[in-house]
Amino acid sequence: MGKRTASLLLLGLVAASAACGSPDASVVGGDGSQGSGLPPGTAGSTTPSTGRSAGTSASPTAGGDLDAARIRLAPVTTLDQPLAMAVREGDDSLYFAEQGGRVIILRDGADPEALLDLSADITAGGEQGLLGLAFSPAGDFLYLNYTDLNGDTQVVEFAMGGDGVVPGSRRPVLSVDQPYANHNGGNLAFGPDGMLYIGLGDGGSGGDPHGNGQSLDTLLGKMLRIDPRPADGMPYGIPPDNPFVDSDSGRPEIWAYGLRNPWRYSFDRETGDLWIGDVGQSAVEEIDFEPAGAPGGTNYGWNWFEGTRQFFPGDPPSDTEPPIYEYAEGCAVTGGYVYRGTEIPELGEAYVFADFCGGELTALRQQDGRVVAERSLGITVPNLASFGEDADGELYAISLGGEVSRIEPA
1 MGKRTASLLL LGLVAASAAC GSPDASVVGG DGSQGSGLPP GTAGSTTPST
51 GRSAGTSASP TAGGDLDAAR IRLAPVTTLD QPLAMAVREG DDSLYFAEQG
101 GRVIILRDGA DPEALLDLSA DITAGGEQGL LGLAFSPAGD FLYLNYTDLN
151 GDTQVVEFAM GGDGVVPGSR RPVLSVDQPY ANHNGGNLAF GPDGMLYIGL
201 GDGGSGGDPH GNGQSLDTLL GKMLRIDPRP ADGMPYGIPP DNPFVDSDSG
251 RPEIWAYGLR NPWRYSFDRE TGDLWIGDVG QSAVEEIDFE PAGAPGGTNY
301 GWNWFEGTRQ FFPGDPPSDT EPPIYEYAEG CAVTGGYVYR GTEIPELGEA
351 YVFADFCGGE LTALRQQDGR VVAERSLGIT VPNLASFGED ADGELYAISL
401 GGEVSRIEPA
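Residue numbers (the numbering used here): 1 to 410.
None of these hints come from the bench; they were simulated from the model.
Among the clues, some could well be false.
Stated by the list, open to error - Derived DEER-like restraints, expressed as beta-carbon distance ranges: (1) S169 with D227: 14 to 20 Å; (2) D217 with R309: 24 to 30 Å; (3) D315 with V166: 50 to 56 Å; (4) Q310 with T77: 42 to 48 Å; (5) T78 with V372: 33 to 39 Å; (6) D227 with A373: 32 to 38 Å; (7) E113 with P75: 15 to 21 Å; (8) D315 with D108: 53 to 59 Å; (9) E270 with D163: 27 to 33 Å.
Owing to the predicted nature of the structure, the values given are computational and were not obtained by experimental measurement.
Even for Gly, the Cβ is constructed at its ideal location relative to N, Cα and C.
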């Protein structure tokens, strides 16, 4: 499958407690190709080639002395294969998605409890399961992304009332057929514009055999942008400023394309910039960057490019966008967040991410769409499948092995 074909998930927890020295045997993808055998960890970044354009930041960044940042992990809870975290407006609780199908609520001072259990409706294991959750900006709706019993992607909505889900409020929003069991994407995030962004992988196997990443006739290999509430007799609305709304050349839900498996992405809560961790094939892991206010329609290159390296032979289009950062050692990038908390001022305005196998927390700062500072934070989290951000902008590291930890000043 190539050591990076997974969307960060291991097949079961056998590999979760093992070293990642042979990631091809652990990371699920199933396309059968051989990996490079590189050891886990992170290598230095590479500057995008000048032949492809770079984005521009919505505002320059400054932050504190990144070299002086010192962090530690404070244990929060232990769950059953947690994969995502969300917070709700007006609610101090933390909400988690477990791969097996449960939504867990963690209230201050209380033990974790199940808010929902969809395990009977979900195919879980490998890269499938309950993969993402997000609350609407007002906190009145909960959205979940999972693979159903046929292995297809389902995005569903539940109404929230008080501290719980309104009984009988489940409503289907979006369904996407998945040709293979890997590269499902699965993340959900509301942007500063109030729209729901849905990341979908290229459909799986290896090398994007159906060309989904570059095809505008499919939702696979895309970042979608929708209004998840019903509109015009449809289960969701299409924002009128989406890039392909008035075009016959693409699906109107598409916001960006050329993505292989956008496993975790997030918006900078202060600037609105979008950061995407896109899992590579076998040579490069990449982080893509879209400045706030961008009009959409960006082509991030897959499968013409894997990072800045040409992957598919031929003459690639000239308008592909290179990653803001890439690295050549690891198995699958776990996208994180720009730190906007107050407890670690030295980390301010830095994007924190890791690799699933290496697990080493790394911080980047960007200015005008280019990385201007980077460093390891000296902390490793085994099987780091996701990050979380609470209402105060503090960050959490979520291991598929079960441990949820808060990132705090050392």
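Quiz item: So does D315 sit 53 to 59 Å from D108, Cβ to Cβ?
Solution: holds (57 Å)
Practice problem: Starting from the range 32 to 38 Å, see whether the pair D227 and A373 falls in it by beta-carbon distance. | Solution: holds (37 Å)
Practice problem: May I ask you to test the hint 50 to 56 Å on the CB atoms belonging to D315 and V166? | Solution: holds (54 Å)
Quiz item: So the hint says 15 to 21 Å: do the beta-carbon atoms of E113 and P75 match that?
Solution: At 18 Å between Cβs, range holds.
Exercise. Take a look at whether the Cβ-Cβ distance between T78 and V372 falls inside 33 to 39 Å.
Key: Since T78 and V372 have Cβ atoms about 37 Å apart, the given range 33 to 39 Å holds.
Self-check item: CB-CB spacing for D163 and E270 relative to the 27 to 33 Å hint
Solution: With Cβ atoms ~29 Å apart, the hint holds.
Quiz item: Taking 42 to 48 Å as the hint, is the beta-carbon distance of Q310 and T77 inside that range?
Solution: holds (44 Å)
Quiz prompt | Pairwise beta carbon distance, S169 to D227, judged against the given window 14 to 20 Å | solution = holds (18 Å)
Self-check item: Range hint compliance [Cβ, D217 to R309, 24 to 30 Å]
Solution: Holds, at about 26 Å.
Of the numbered hints listed earlier, not one is contradicted by the structure.
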